[in-house]
Amino acid sequence: MWVKPWTLKEGSLIGAGLIIAGLMLELSVGPVVWDAFSWPVNGIVLVGFLVMIAIMHLLRRQIYAFTFLSTYAAAIPAIAFAVILTLIMGLTRQTVNGTWINDMLSFWPFVLIYVYIAVIIGLAVLKRLGHFQWRRDIPFLLNHLGLFLALTCATLGNADMQRLKMITAVGEPEWRVIDENPQVKELDLAIELQQFIMEQYDDGSPKRFASEVNIMTKSGKNIHTTIDVNKPVEVEGWKIYQYGYDTAAGPQSQISIFELVRDPWLPLVYIGIGLMLAGALCMFVLSQNQRKPNANGQTRFAEVSPDSSNKRVTP
Amino acid sequence: MIWDYFIYFAIVAIMLWAVGAFLAWKEKKAGVYASTLTGMAVFFTFIVIMWVTLERPPLRTMGETRLWYSFFLPLAGILVYSRWKYKWILSFSTMLAAVFICINIFKPEIHSKALMPALQSPWFAPHVIVYMFAYALLGAATLMALYQLFFKKGRSLERKEMDITDNLVNVGLAFLTFGMLFGAMWAKEAWGHYWSWDPKETWAAITWLAYLGYIHYRIYRPNSIKPALWVLLIAFILLQVCWWGINYLPSAQDSSVHTYTS
Numbered sequence: 001m002w003v004k005p006w007t008l009k010e011g012s013l014i015g016a017g018l019i020i021a022g023l024m025l026e027l028s029v030g031p032v033v034w035d036a037f038s039w040p041v042n043g044i045v046l047v048g049f050l051v052m053i054a055i056m057h058l059l060r061r062q063i064y065a066f067t068f069l070s071t072y073a074a075a076i077p078a079i080a081f082a083v084i085l086t087l088i089m090g091l092t093r094q095t096v097n098g099t100w101i102n103d104m105l106s107f108w109p110f111v112l113i114y115v116y117i118a119v120i121i122g123l124a125v126l127k128r129l130g131h132f133q134w135r136r137d138i139p140f141l142l143n144h145l146g147l148f149l150a151l152t153c154a155t156l157g158n159a160d161m162q163r164l165k166m167i168t169a170v171g172e173p174e175w176r177v178i179d180e181n182p183q184v185k186e187l188d189l190a191i192e193l194q195q196f197i198m199e200q201y202d203d204g205s206p207k208r209f210a211s212e213v214n215i216m217t218k219s220g221k222n223i224h225t226t227i228d229v230n231k232p233v234e235v236e237g238w239k240i241y242q243y244g245y246d247t248a249a250g251p252q253s254q255i256s257i258f259e260l261v262r263d264p265w266l267p268l269v270y271i272g273i274g275l276m277l278a279g280a281l282c283m284f285v286l287s288q289n290q291r292k293p294n295a296n297g298q299t300r301f302a303e304v305s306p307d308s309s310n311k312r313v314t315p
Numbered sequence: 001m002i003w004d005y006f007i008y009f010a011i012v013a014i015m016l017w018a019v020g021a022f023l024a025w026k027e028k029k030a031g032v033y034a035s036t037l038t039g040m041a042v043f044f045t046f047i048v049i050m051w052v053t054l055e056r057p058p059l060r061t062m063g064e065t066r067l068w069y070s071f072f073l074p075l076a077g078i079l080v081y082s083r084w085k086y087k088w089i090l091s092f093s094t095m096l097a098a099v100f101i102c103i104n105i106f107k108p109e110i111h112s113k114a115l116m117p118a119l120q121s122p123w124f125a126p127h128v129i130v131y132m133f134a135y136a137l138l139g140a141a142t143l144m145a146l147y148q149l150f151f152k153k154g155r156s157l158e159r160k161e162m163d164i165t166d167n168l169v170n171v172g173l174a175f176l177t178f179g180m181l182f183g184a185m186w187a188k189e190a191w192g193h194y195w196s197w198d199p200k201e202t203w204a205a206i207t208w209l210a211y212l213g214y215i216h217y218r219i220y221r222p223n224s225i226k227p228a229l230w231v232l233l234i235a236f237i238l239l240q241v242c243w244w245g246i247n248y249l250p251s252a253q254d255s256s257v258h259t260y261t262s
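Residue numbers (this note's numbering), protein chains in the order written: chain U, 1 to 315; chain D, 1 to 262.
Each hint should be verified, as a subset may be incorrect.
Claimed, not checked - As a list, the in silico DMTMM-like pairs of lysine to aspartate or glutamate whose alpha-carbon atoms are at most 25 Å apart:
id, chain 1, residue 1, chain 2, residue 2
1, U, K165, D, D198
2, U, K221, D, E189
3, U, K231, U, D202
4, D, K200, D, E189
5, D, K200, U, E180
6, U, K165, U, D35
7, D, K113, U, D202
8, U, K207, D, E55
9, U, K207, D, E109
10, D, K200, U, E259
11, D, K200, U, E199
12, D, K113, U, E199
13, U, K239, D, D198
Unchecked claim - Not close to chain U: a few residues of chain D, all C-beta gaps over 10 Å, as computed:
id, residue
14, M15
15, T38
16, P57
Stated by the list, open to error - To spell it out: a stretch of chain D is covered by chain U in this simulated footprint if at least three of its residues, at any positions, have a beta carbon under 8 Å from a beta carbon of chain U; those stretches are:
id, segment
17, 39-50
18, 111-123
19, 165-173
20, 184-190
21, 247-258
None of these hints come from the bench; they were simulated from the model.
We put the CB at the ideal spot given by N, CA and C, even for glycine.
Extracted from the complex, chain U is given alone in its bound form (with noise of 0.2 Å):
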């Protein structure tokens, strides 16, 4: 134990401290406080852990453990710890005032753990580009860095998001809308239903919600539009989608409920889905090619992992 190079043994039991004072944290702060991340802390500690990722990377040869993270023996118990606590997610019932596994998103060990994914992907990019090869690499960045981007915009964007409902009746302007909390707010746009729209199948199952809308903006725009499930209309950052109607007066509803969204982190997030779509099809069209093991007897993974546990390099 701990002799380099260290193998998943070690991997395991940084990834059970990595929990274990998750645990700690949890007990003694309390659970992980997500409201405190927004605009400019999350871009605050985004900078940092760039940072800090970039200063582990620099520091690899003098800090054995920044190497060590790096590889696939920190990845695979992080990926294996990481599947346990989302599977004991999944397999309890998680509610907005649950505690420790109930709320398991705002649950240290979980979170940690997630984090640690991030801090290993980060490193795994950096080593790589450090040897890039044009053809062997392009897949293994554009699956981690789309995979990073995603992770940790999406978990620090999520204090910025607002989600709002507007509660409009007919040919009566709304500007005022309700937020999470819950707490009136007033926009600078209004929205002033002109009509509401349910078509039903002959079943009596609903077919279509829609809402036929003027919405008005602060700065002079007028826009007459409709507006479906599944179909928002964006107008000055908000997403407005429709929400839901009064179900009692069903067709003749004479209210419809808006959502509006707002999620400035969102073009960062979907660069990273993009680069993990592009990273799949990678995937996918060059698994065929790089599959004939080479003359030493490796599978073909030998020759496009520079860092499987064979040739690992001790600093």
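With chain U held as given, fit chain D onto it using these hints.
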């Protein structure tokens, strides 16, 4: 009702696939392709007729997703066969397809024309079809794992077999990624957020991570085969929970927005 005719299409398709699988053992290549592909054409004809008569993609109910799975399994089988001339894979894929067809015959569902507004999206068909294809590929990978763990005698062909298994998982995970991310982008349009940790999403993440673990372990320890194969079996169980087992989980009752069977 079109569903009443399913059994005839199904029997013809299974018989053609079985003949194809039999001819694979007899090394009659042309017959294998002709029979298997004809069977798939017969089965796909039923899917198309259903699509037309329902006036919507037949992808809404569990039974309808099983239909696509039963179609994609022989496709995965014939792809593996054409690439590696692996003669038993078609027997296995035919058997597995038959199991899912039998579930559809003995436990039929109501396939109404109704398609709730939340499902009326250009993302609907690609999201589900890509997932079903991934499930079929990973099902084939599971068959490879079962074969190597419990049925194979001798160790002579290990590398070739692991090569097939790894390729199935790689391509399967690629499609799993497509399915998951298409789903995320659809969720943004339909529900306002790309990822809400809905039980179905949570289980999709679990499944995705499990296969990710397999791929990394294979790279790390290419010669340690048995543990890797066991990971595949566990991952496939997780995949089944994500697909249909979730409907029976107490933790997911009434809390999933992914329920469209009513």
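query = Holds or violated: K200 of chain D with E189 of chain D, Cα cutoff 25 Å?
reply = 17 Å, holds
task = Would you check the hint for K165 of chain U and D198 of chain D, treating anything up to 25 Å between C-alpha atoms as holding?
result = 20 Å, holds
message = What's the verdict on K207 of chain U and E109 of chain D, does the C-alpha distance respect the 25 Å limit or exceed it?
response = 20 Å, holds
ask   = Is the nearest CB of chain U more than 10 Å from the CB of P57 of chain D?
value = Label holds. Min Cβ-Cβ 14 Å, cutoff 10 Å.
inquiry  = Hint check: K231 of chain U vs D202 of chain U, CA-CA at most 25 Å. Holds or violated?
reply    = 24 Å, holds
ask   = Does the alpha-carbon distance linking K200 of chain D and E180 of chain U stay inside the 25 Å limit?
value = 24 Å, holds
query = the segment 39-50 of chain D covered by chain U? Criterion: 3 or more residues, Cβ-Cβ distance below 8 Å.
reply = violated (count 0)
ask   = Are at least 3 residues of the segment 165-173 of chain D within less than 8 Å of chain U when you compare beta carbons?
value = With 5 residues closer than 8 Å to chain U, the segment 165-173 of chain D meets the three-residue bar; holds.
message = With the threshold set at 25 Å, check whether the alpha-carbon distance from K200 of chain D to E199 of chain U stays at or below it.
response = Violated, because 29 Å separates the two Cα atoms, which is more than 25 Å.
message = Can you confirm whether the C-alpha distance between K239 of chain U and D198 of chain D stays at or below 25 Å?
response = Holds, at roughly 21 Å.
query = Is the hinted pair K221 of chain U and E189 of chain D satisfied, with a Cα-Cα distance of at most 25 Å?
reply = Roughly 23 Å separates the two Cα atoms, so the pair holds.
inquiry  = Between the alpha carbons of K113 of chain D and E199 of chain U, is the straight-line distance 25 Å or under?
reply    = 14 Å, holds
When held up to the earlier numbered hints, the structure conflicts with 11, 17 and fits the remainder.
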